[in-house]
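Based on these hints, arrange chain L on the given structure of chain X.
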Amino acid sequence: MKFLPSSPDERREMLAAVGVSSIDDLFVDVPAPVRAPGKPALGRPLSEIEIRRLFGELAARNADARSYAHFLGAGCYHHYVPAIADQMLYREEWLTAYTPYQPEISQGTLQSIFEWQTHIALLTGMDVANASLYEGATALVEALLMASRIVKNRRKALLDRNIHPEYLATVRTYFHNLDLEVIEAGPEELEGLADAGTFAVALQSPGFFGEVRDWGLAARAAQKSGAVAIGVVAEAMSLPLLKPPGELGLDIACGEARSLGVPMSYGAPALGFLACRDAHKRQMPGRLAGQTVDAEGNRAFCLTLSTREQHIRREKATSNICTNQGLMALASNIYLSLLGKSGLRATAIQCAAGAAYLREGIARTKGFSVPGRGPVFNEFCVKTPGPAEEIVRRMAERKILAGVPLARWFADRREEMLVAVTEMNTREEMDRYLSALGSLA
Amino acid sequence: MKPRREPLIFERSRPGKNGASLPPLEVPETIAIPEALRRGPIEGETEVTEVDVARHFTRLSRRNLGIDDGMYPLGSCTMKHNPRLNEELARLPGFAAAHPYAPEALAQGSLELMWRIERALAELTGLPRVTLAPAAGAHGELAGILMIRKALEKRGNPRKVVLIPDSAHGTNPATAHFAGYRVQELKSNANGRLDLSVLEAAMTQEVAALMMTVPNTLGIFERRIVEIAKIVHGKGGFLYGDGANFNAFVGIANPGLMGIDVMHMNLHKTFSTPHGGGGPGAGPVAVAAELAPYMPVPVDERNGDGTFRLEYDRPDSVGRLRSFATQFGMLVRALAFILSHGEEIGDMARDAVLNANYIRARLRDVYHLKYDSPTLHEVVFSDRKQAEKGVHNGDIAKRLMDYGFPPPTMSFPLIVAGAIMIEPTETEDKGELDAFIEAMRAIAREAEENPGLLAGAPYDTPVRRVDEVAAAKNLILRWKP
Chain X
1 MKFLPSSPDE
11 RREMLAAVGV
21 SSIDDLFVDV
31 PAPVRAPGKP
41 ALGRPLSEIE
51 IRRLFGELAA
61 RNADARSYAH
71 FLGAGCYHHY
81 VPAIADQMLY
91 REEWLTAYTP
101 YQPEISQGTL
111 QSIFEWQTHI
121 ALLTGMDVAN
131 ASLYEGATAL
141 VEALLMASRI
151 VKNRRKALLD
161 RNIHPEYLAT
171 VRTYFHNLDL
181 EVIEAGPEEL
191 EGLADAGTFA
201 VALQSPGFFG
211 EVRDWGLAAR
221 AAQKSGAVAI
231 GVVAEAMSLP
241 LLKPPGELGL
251 DIACGEARSL
261 GVPMSYGAPA
271 LGFLACRDAH
281 KRQMPGRLAG
291 QTVDAEGNRA
301 FCLTLSTREQ
311 HIRREKATSN
321 ICTNQGLMAL
331 ASNIYLSLLG
341 KSGLRATAIQ
351 CAAGAAYLRE
361 GIARTKGFSV
371 PGRGPVFNEF
381 CVKTPGPAEE
391 IVRRMAERKI
401 LAGVPLARWF
411 ADRREEMLVA
421 VTEMNTREEM
431 DRYLSALGSL
441 A
Chain L
1 MKPRREPLIF
11 ERSRPGKNGA
21 SLPPLEVPET
31 IAIPEALRRG
41 PIEGETEVTE
51 VDVARHFTRL
61 SRRNLGIDDG
71 MYPLGSCTMK
81 HNPRLNEELA
91 RLPGFAAAHP
101 YAPEALAQGS
111 LELMWRIERA
121 LAELTGLPRV
131 TLAPAAGAHG
141 ELAGILMIRK
151 ALEKRGNPRK
161 VVLIPDSAHG
171 TNPATAHFAG
181 YRVQELKSNA
191 NGRLDLSVLE
201 AAMTQEVAAL
211 MMTVPNTLGI
221 FERRIVEIAK
231 IVHGKGGFLY
241 GDGANFNAFV
251 GIANPGLMGI
261 DVMHMNLHKT
271 FSTPHGGGGP
281 GAGPVAVAAE
291 LAPYMPVPVD
301 ERNGDGTFRL
311 EYDRPDSVGR
321 LRSFATQFGM
331 LVRALAFILS
341 HGEEIGDMAR
351 DAVLNANYIR
361 ARLRDVYHLK
371 YDSPTLHEVV
381 FSDRKQAEKG
391 VHNGDIAKRL
401 MDYGFPPPTM
411 SFPLIVAGAI
421 MIEPTETEDK
431 GELDAFIEAM
441 RAIAREAEEN
451 PGLLAGAPYD
461 TPVRRVDEVA
471 AAKNLILRWK
481 P
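Sequences listed follow chains X and L, in order. Just so you know, we're using the working numbering here: the first sequence kicks off at 1 and counts up by one. Just so you know, we're using the working numbering here: the second sequence kicks off at 1 and counts up by one.
Pulled out of the complex, with its shape left as it was, chain X reads as follows:
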C-alpha cells in the first residue's frame, strides 16, 4: 500500500494552480538519458498482510534471545527493557518529531535529552555528557579527536589492547587519513609508553575479554605525559556497580549505552555516549541540550554550542556528524529514570552474581577452563576443548546460544569464547548450560 493521500481530483486542482497539464511536466529539467528505462524491478506494491507475512518468515529464521537461552555479549548484551520504555516510543510526538532545532515546539525532546545527559554524567562520574552519538566505536573516535583538540600538536594515541576490536578497527580507519597514529598496548604498559608525543590514553573496563580494570592505569599514564585520559565502556550496565571513570581521574568517558534500555536489534541502532569534565565541555562533539529561559523567564531548553557543528562551521566543524540517536536516548532516559538509584544497582548485581556462578561452574566442567585471572563483571573468557565455533554450534542444537567465539577477531584464538550473563538468565538456564557443556567434552 502506497502512502499517498491525494485524490485524483486534488491532483488535477493542484496541477491547474501550478499551470501544467501533467505531473511529468514538472520534471522538465531531468534529461531523457538519465531517466529510468522503465519501472524499477521491485514487484507490485505489497499489502500490510503480505509484508507482515514476509517479514515474519525472515524473523523466524533468526535465533533470538526469546527462544534460546542467551549468553552472547562482546559489546551487545541482552538486558530487559521494561514495557513502558518501548511503549512510550510509539507516541507520535516522540517517534516522528525532527531534531529539536526549533526549541519552542521541541521542549519534550530537549528536556528528555537534558535528563539523559544528567543520567550519563551521574553514571560515569563526569561533570557533563552530550546528547548521544551513533554507537560505541564512533564514540571512541570522537573522544580521541576531542583529545587531539585539547592537547594540540601531538600525534600519538595510546590504546589499551583490550578495547573492543571493532572499536580499535574503527579508530584505525578514521586515523588513516588524519596524520594521527595509534599505538596498542596492554593496560599495564600504558604508563611506561606514554610520552610527550601522546595526546590520549584510552583504557576499556570491563575489557573486551571481561576483566575489570583500574581506571587509575589510564589516569596515571595521562598525568605523566600531559595527555587526555579516556575511559571506554562497552557494557554500560557495569557502571552502577563499578567505580566510574570520573571518580578515578579520567578526563573523558565514552562508549556504548545500549544496555540501558535499547534492544539488541542485530547490533543497531545502538546508543553511543560521551561525557567529560567541565573544563573540556566546549570541545565536546555532537549535540548538546542546555537549560535557559524563555521570553517570560520560564525555564526552557534548547540545543546549544551549535557553532561547533557542521551546519555552521562546515569544514572547520569539530566533527562531521549531523545526528544523535534521539529515540534511543529517550528510551534510555525512561529506562534509567524507572530503574533509578536502587534498580540499576540491583540489576548490575544480578548480572555479576550470575556471571560468577556460571564461571565457577564452567571452571569445574571437564575439558573447559576460564583463563582470565582478574575480576570480571558479567562476562568472561572460556577455553574450549577444540574449536569454540564447534562448541557453540552443538550447544545451539540444545537451544543454548553459548558464547561468542574469539576466532571472529583473533585467528590464533580458535579455542576460546566469550560468555556473558545478564539479569535475563535464570539459574535453571545456567544449570542447563552447565550440564549441556559437560555432555560435550
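It cannot be assumed that every hint is accurate.
Claimed, not checked - Simulated pairs of lysine-lysine, DSSO-like, Cα-Cα distance not exceeding 30 Å: (1) L/K230 <-> X/K39; (2) L/K230 <-> L/K187; (3) X/K316 <-> L/K187; (4) L/K370 <-> L/K385; (5) X/K39 <-> X/K152; (6) L/K154 <-> X/K316; (7) X/K316 <-> L/K160; (8) L/K385 <-> L/K187; (9) X/K281 <-> L/K473.
For the record, the hints were derived by calculation from the structure and aren't laboratory data.
Frame of chain X, contents of chain L only:
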C-alpha cells in the same frame, strides 16, 4: 489547552520510591570484584515509580510537535508519514532480540533482509553495490569519500581537493575535511545551478571528487548532469552524489545513468524511517563497480547455495566504520516501506514534486523567490519582502508555530539570504497543504500590518521564544543534586 510545565524527572524523585521490577536473586550474591573497584549508591539518581514515569514522559511528549499533528515543512529533511506497520516489524523478536554475533546459520533472516534491501537500493540507484554500514547520512558521506580516496590511492595518487558547490549541506565540507581533503567551493550561477565553466576551471588533476546534491538544495535539478560527470571523469575524478534529496526523483531517474559513482541515501528521509527527535538515522551508500572492493567491512554476500554470509576478509576495504554490521532496525523499516510502494515508488516522487510546486505557485506572490528555475521536491523563498518591514525569517518561523506548524528550514541554503526552505513531501493532500498556505499568507499579511506582533512570537507554544544566546553563554548541561 496549553500543556503544563513539567519538572525534571530528578525533581520528581522521592526517597524510598522504586520503579524496578526484578525477580529475586537465585544464585549466591558473590561478587568477585575488589572493594576498591566498586562504587556505592549513585547519589542523585532517581527514585520514582512507573506511574511517575508514565505521567512524566506523556506530559513531556505534549510539549513536542510531530508529523501526525500536521504538515512538517522542514526543507531538506523530508518529513513524511511514518507507517506504523514498520514499527511493529522492527520489534518482531526475531529482529529486535537478535544478537549480531549469533552463528551465521542462525542469523539467516537478518542476512537475507540485508541482502534484499541492498538489491532494492541497487535497483533504484542503478549502481551495482550498496554498503549498509553507515549509521547516518554524514557517516555515509565519509564512507563514500574514503572509498574514493582508496580508489585513487590504488591508481597511485589520492589527490588533495574536493569540490563542493556553495549550495551544499554543511556535512559535505566537514566530511571532506575528515577524509583528509581540502575543500574548494564552487559558486552557483544566477539560475542557482553549477556553472560548467567554473567547474572546468576548478577540475584539475588534484581534484579527487565533486560532491553534489541532486537535485541541489534549492530543489533544482542540474539538467547538464551528464556533462558535469564527463568533466569530472575526464580529469580522473569521481562524482559523489549526495542523496539527501533522493525523494525528488526516486524511481524516475537513475543516478547510475547520470554518471554518479557514489551516492549515500538517508533512510530516514526518502524511505520514511522515523526521525525520532534526532536519530537514529541510517546512510547506505551505493557505489559503482570500480569502488565496490573498497566498501567498509563487513559486507553481506549471497552464497552459491542461496544462504547468506557477512564477509570480513576484504583486503582492499577502507576498513571498519563502526561496531557490528549495520543500523539493522532501520533497514527493517525501510525495506517494508520500499515493498509497500514496489515498482510504483516513482509515484511518491511525483506527488512530492507536485506538492512543492503547488506551494510555490500559491505563495510566490507574497514571498520572494530568488531563483525562478523549475524546482522539484522543495522550494526556497526568502524574507526579502518582509525584511522591508523589519520582519525576518526567524520571526516568520516563530509565528508559524502559533498556527500549529513546525517552521520550514530557515537560513539554508546559505546562497539565499533570509532563506525559507519548504519541503512538503508526498504525504500531504491538498487540504493539508492549503492549511499551511493559508497560515503562511496570514503571516505575510501580519508582517505588512503589524510587524511587531511577529517579533514577539510565538505566543501559543509550551514556552515563549527561547533565549538561545543565554544558553550558550551560561552553559547548563545537566541537573545537579
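To see whether the hints hold, each was checked on the structure:
1. L/K230 <-> X/K39: 26 Å, holds
2. L/K230 <-> L/K187: 19 Å, holds
3. X/K316 <-> L/K187: 19 Å, holds
4. L/K370 <-> L/K385: With Cα atoms ~11 Å apart, L/K370 and L/K385 stay inside 30 Å; holds.
5. X/K39 <-> X/K152: 54 Å, violated
6. L/K154 <-> X/K316: Distance of about 28 Å is within 30 Å: holds.
7. X/K316 <-> L/K160: 17 Å, holds
8. L/K385 <-> L/K187: Given pair L/K385, L/K187 holds - Cα atoms ~25 Å apart, limit 30 Å.
9. X/K281 <-> L/K473: 13 Å, holds
The structure fails to meet hint 5 from the earlier list, while all remaining hints are met.
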